[in-house]
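Chains as they are written, first to last, in numbering that gives the first Met the number 0: chain A, 0 to 121; chain B, 0 to 518; chain C, 0 to 447.
Calculated from the structure, these hints are not laboratory results. A virtual CB, placed ideally from N, CA and C, is assigned to each residue, including glycine. One should not assume that every hint holds.
Keeping only pairs whose Cα atoms sit at most 20 Å apart, straight-line, the calculated DMTMM-like set for lysine to aspartate or glutamate is [to be verified]:
#	chain 1	residue 1	chain 2	residue 2
1	A	Lys83	B	Asp495
2	A	Lys39	C	Glu282
3	B	Lys483	C	Asp7
4	B	Lys483	B	Glu459
5	A	Lys57	C	Glu48
6	A	Lys57	C	Glu319
7	C	Lys320	B	Asp209
8	B	Lys111	C	Glu48
9	B	Lys498	A	Asp31
10	A	Lys57	B	Glu496
11	B	Lys498	A	Glu82
12	A	Lys57	A	Asp31
13	C	Lys401	B	Glu128
14	B	Lys498	C	Asp298
15	B	Lys498	C	Glu282
16	B	Lys457	C	Glu282
17	B	Lys227	B	Asp249
18	C	Lys392	C	Asp420
19	B	Lys444	A	Glu13
20	A	Lys83	A	Glu27
21	A	Lys83	B	Glu496
22	B	Lys457	C	Asp298
23	B	Lys111	C	Asp86
24	B	Lys212	C	Glu319
25	B	Lys498	A	Glu27
26	C	Lys320	B	Asp282
27	A	Lys57	B	Asp495
28	C	Lys388	C	Asp364
29	C	Lys392	B	Glu336
30	C	Lys320	A	Asp36
31	B	Lys498	C	Asp300
32	B	Lys498	A	Glu13
33	B	Lys483	A	Asp31
34	A	Lys96	A	Glu13
Beyond 12 Å from chain B on every Cβ pair, some chain C residues (computed) [claimed, not checked]:
#	residue
35	Pro185
36	Gly330
37	Pro390
Here is what each chain is made of, one letter per residue.
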Amino acid sequence: MRRFTKEHEWVDVEGDVATVGITAYAAEQLGDIVYVDLPKVGSAVTQMGPMAVVESVKAASDVYAPLTGEIVAANESLSSAPEKVNETPEGEAWFAKIKLKAVGELDALMDADAYNAFLKTL
Amino acid sequence: MNRVGRPTRPVVAEAQPLAATTSGSRGLLQAEALVFEIGDPERCGVDLPQPSGRAHRLGGLERTAPIGLAGLSEPETMRHYVRLSQRNYAIDLGLFPLGSCTMKHNPRLNEKMARLAGIADIHPLQPVETVQGALALMDELAHWLITLTGMQAVALTPKAGAHGELCGMLAIRRALIARGEVAVRRRVLVPESAHGTNPATAAQCGFTVDEIKAAPDGRVDLEDLKTKLGPDVAGIMLTNPNTCGLFERDIREIADLVHAAGGYFYCDGANYNAIVARVRPGDLGIDAMHINLHKTFSTPHGGGGPGAGPTVFSQALAPFAPIPYVVRDADAFVLVEHDETGQAFGRMCAFHGQMGMYVRALAYMLSHGADGLRQAAEDAVLNANYVLAGLSDVMTPAFPGFCMHEALFSDAFLDGRGLSTLDIAKGMIDEGYHPMTMYFPLVVKGAMLIEPTETESKAELDRFIEVMRALASRATGPQGGELKASPHFAPVRRLDETKAARRPVLRWTPPDPVRAAAE
Amino acid sequence: MRYLPLTDADRRQMLAAIGAPGIDALYADVPAIAQLDGPIAGLPLHQGEMAVEAHLGALAGRNLQAGSAPFFIGAGAYRHHVPASVDHLIQRSEFLTTYTPYQPEIAQGTLQALFEFQTQVALLTGMEVANASMYDGSTATAEAALMAARVTRRRKAVLSGGVHPHYAETVRTMCEAGGLEIVVLPPAIDEEHGVAAHLDADVACVIVQSPNVFGTVSDLAPTAAAAHASGALCVAVFTEAVAFGLVTPPGAMGADIVAGEGQSIGNGLNFGGPYVGLFACREQFVRQMPGRLAGETTDADGRRGFVLTLSTREQHIRREKATSNICTNSGLCSLAFSIHMTLLGEAGLRRLAVLNHERACDLADALCAIPGVRLATPRFFNEFTLQVKRPAKEVLACLTAKGVLGGVEYSRLAPAAGRDDLLIVAATERNTQEDINAYATALREVMA
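Bound-form chain A, shown alone (with noise of 0.2 Å):
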């Protein structure tokens, strides 16, 4: 089941990878997304930590590890398509994969109706 971030990410767990990714929302906010900075994979990241970053062009926005890790693959078709996080934020354009240290942090993270609550408090 997908669960949702407080900074807008979104992930999804198979076994005991995640595959994680920026929201509809967040890429609407951000307008036209011009580049994204992958993690190296094999590099550590902790949940909530920084792991990639997200570039519109006046804008660059940090995004987060929704859980602790290590970097297993990094979606590099971003690199040379930025726009795919525009085009499909939910799907294709995943930024990467996380092998997880500990599955119980995933209970933290909101699924999608507590996700689409807080985006009305916005």
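Starting from the known structure of chain A, fit chains B and C onto it as the hints suggest.
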């Protein structure tokens, strides 16, 4: 005898206006390709003697491959750059109300002085006895800056405002080293309304940046400041007058609080032009402040520099000023190029800073005198308030009351119109004005920061106010959407910045011959 | 006052319009203690053009203009001929009195010129991309060290003993505070590759210079290879841009970042500034670059145009996370560089470079024939170092007394190095055979 006359009255054309021309030019606005597209490696606009052909002493390191540079003859070069120049807005063309940037008149006397052979054609490493006039000039400029600001010392060498910030913060760091506290005092307080250079500079000096909130009146929130002060604070970086165009009226208290906490007070002098010769920063408790000679003292902005950022220091920081500097001996000026006291924090650049800018600034100071500089500051403030008053009922002033040298508006008057600050800015271009500073400071939504400077006459301001009122009225009226397509009358229409950033093309490359053949 | 259009009547009307009783009301927020009620004491009052011109003219007259004597000083600034059209063009109002091109629709002139400048710098240095300029060569070098640290996530920079001592000091000042360790090797006339011995897992970059401060040109390829093998970058520095009309550029020898001084092309001596820092790198590092970049794009009608781009690197967006704090750079000086380069073209630049080299060779031959004078630079472009049997400072003072500006003593640049026997001498296309003869005659007398 030819009796056929030519038409001497315009014929009211039935035809549609011309959409495009064959040449790509539009009357006086000539189309102009890149120099690489019109030039040639063999063409040359400089006549040089024939080399003798003697053997080289390069140890075989000759460059053999083609470089790829294109050349033009002198007349072609003149046309290329004159054509390019005609695509630029300029102060000499019209009002340039770019807030915080201080686009005032650049006197041509200053240019003439900077080109005197005894100034332009001297080498920074000439024996000092052959450059006594240059050192005297630097000393005189230093005297002006120290006297105007009421400070103790000045480092002339910083090459721009941000470089001056670095100079000030490095002096603070050096003072903390002398106190044995550099490892402890890691935090620098910066208001959220600050120029981006402030936090960037603090970070470059190894400090961490802690933001101070702005109060609802656009000034530093004193209570927030108090909670953020502590034994780990190195100092504060504060712009005054601040980026909202307001004087920080609690500045003395801020200085006292920071000093009591053991920190130093860095003032960003970007807006010093509002108070020059009327208020001395030295009387406000400041420890260091850079002065943008290209703002307050009218050296030309040149499309993005060169600037100059001399930095003045209080007694507390003066000993740590960087090398080189000029001192006056009994009968000569001496250039101190190496630290003899062990206290200087280092060196900001290869030589003695921006001599060419020193001359221009000094020519400006001498022309204005202490009285004229004061009048210039007052006129700048008066002009800004006149614009503020003239637009207050149709735009949204960001804060109540008078302003200093720049008037700040938010985009609240555009709410619900589907238009943004950007659209107003681009509409100004069609009306023949350079836009104001937009979306800065960050503490005001859709900020529009207008700095007319003392250069504008009342008549010019009246015309500007009339145009801005009309723009505001169009923006809030039924035809507001038209502004979204502005500018219509600039050399180019709105440019695709997304495309430029997604697939950066940062240089010309020769066309691919295979693809060219296919096309 | 000739620069102020408002009349007293205007001021009264305007104050009335804004509802202020007087100008003091607009300064009401200034603490009373800091209010000055009249012109600041100790400074003159306003003056007309004639008086200002006379005053500054007198100061200028107290300097020995470089062109009035046989002149051979270099060491970071070079006296080349600048065509008259360059200064005319940069004084056009539309270039001189405009701002950084933040509004691209009315700044295409500046933007296209910057795009051309970036291309010229990239070509000259043999690199893939160049930025829109830095303050000068020394600060560009410091920025290169900071950039290398960002790229490699390492914290040490090793500078060769051939790097201009002022550049090394600037690097130290601008980088150490931010946590970089700066290692400067002892002065060495021909040991650029010496940095390789100091490579380790902490080294972000080696910084080498060619032609170096002693004038030596070096093959940087082995140094770059050694740096790469150690995971470090190779930063190549230069102070004489004309050299690359004749000498293999750093980009062809494996440099990752090139930083140097562009004053030689289009810009005068100006007693040290303003100059123009050139900064180029490999394209893969462009997002770690400092400073402004102009880029090509299209407008709403599909026409080619230029904008400032990749701004998220910069302080006005990234603030404390920016790649540099730089804002204003050397716009007009970069324009002068670009115009001069356009006038020269490839053929002109090559010829200019050859002329410089030949003048320097002629000069070296003439001076080294003098007893007590030895050429210390093995390979050079237009600058070389003489080892002299008397203290170089004394030699220079005697030459100055004879009306020859004969160079710079190395000990002036680095007094702590204990090398008072080295004299750095430069020649350019402006030096005539008569200049060279005058120098040789004077030096022979001084060394006798």
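Hint-by-hint comparison with the structure:
{"no.": "1", "hint": "A:Lys83 - B:Asp495", "result": "18 Å, holds"}
{"no.": "2", "hint": "A:Lys39 - C:Glu282", "result": "19 Å, holds"}
{"no.": "3", "hint": "B:Lys483 - C:Asp7", "result": "41 Å, violated"}
{"no.": "4", "hint": "B:Lys483 - B:Glu459", "result": "26 Å, violated"}
{"no.": "5", "hint": "A:Lys57 - C:Glu48", "result": "45 Å, violated"}
{"no.": "6", "hint": "A:Lys57 - C:Glu319", "result": "15 Å, holds"}
{"no.": "7", "hint": "C:Lys320 - B:Asp209", "result": "13 Å, holds"}
{"no.": "8", "hint": "B:Lys111 - C:Glu48", "result": "11 Å, holds"}
{"no.": "9", "hint": "B:Lys498 - A:Asp31", "result": "9 Å, holds"}
{"no.": "10", "hint": "A:Lys57 - B:Glu496", "result": "10 Å, holds"}
{"no.": "11", "hint": "B:Lys498 - A:Glu82", "result": "10 Å, holds"}
{"no.": "12", "hint": "A:Lys57 - A:Asp31", "result": "10 Å, holds"}
{"no.": "13", "hint": "C:Lys401 - B:Glu128", "result": "14 Å, holds"}
{"no.": "14", "hint": "B:Lys498 - C:Asp298", "result": "10 Å, holds"}
{"no.": "15", "hint": "B:Lys498 - C:Glu282", "result": "17 Å, holds"}
{"no.": "16", "hint": "B:Lys457 - C:Glu282", "result": "50 Å, violated"}
{"no.": "17", "hint": "B:Lys227 - B:Asp249", "result": "17 Å, holds"}
{"no.": "18", "hint": "C:Lys392 - C:Asp420", "result": "8 Å, holds"}
{"no.": "19", "hint": "B:Lys444 - A:Glu13", "result": "43 Å, violated"}
{"no.": "20", "hint": "A:Lys83 - A:Glu27", "result": "12 Å, holds"}
{"no.": "21", "hint": "A:Lys83 - B:Glu496", "result": "17 Å, holds"}
{"no.": "22", "hint": "B:Lys457 - C:Asp298", "result": "36 Å, violated"}
{"no.": "23", "hint": "B:Lys111 - C:Asp86", "result": "12 Å, holds"}
{"no.": "24", "hint": "B:Lys212 - C:Glu319", "result": "16 Å, holds"}
{"no.": "25", "hint": "B:Lys498 - A:Glu27", "result": "17 Å, holds"}
{"no.": "26", "hint": "C:Lys320 - B:Asp282", "result": "34 Å, violated"}
{"no.": "27", "hint": "A:Lys57 - B:Asp495", "result": "13 Å, holds"}
{"no.": "28", "hint": "C:Lys388 - C:Asp364", "result": "17 Å, holds"}
{"no.": "29", "hint": "C:Lys392 - B:Glu336", "result": "15 Å, holds"}
{"no.": "30", "hint": "C:Lys320 - A:Asp36", "result": "14 Å, holds"}
{"no.": "31", "hint": "B:Lys498 - C:Asp300", "result": "14 Å, holds"}
{"no.": "32", "hint": "B:Lys498 - A:Glu13", "result": "36 Å, violated"}
{"no.": "33", "hint": "B:Lys483 - A:Asp31", "result": "18 Å, holds"}
{"no.": "34", "hint": "A:Lys96 - A:Glu13", "result": "10 Å, holds"}
{"no.": "35", "hint": "Pro185", "result": "17 Å, holds"}
{"no.": "36", "hint": "Gly330", "result": "3 Å, violated"}
{"no.": "37", "hint": "Pro390", "result": "14 Å, holds"}
Violated hints, listed in ascending order, are 3, 4, 5, 16, 19, 22, 26, 32 and 36; each of the other numbered hints is respected by the structure.
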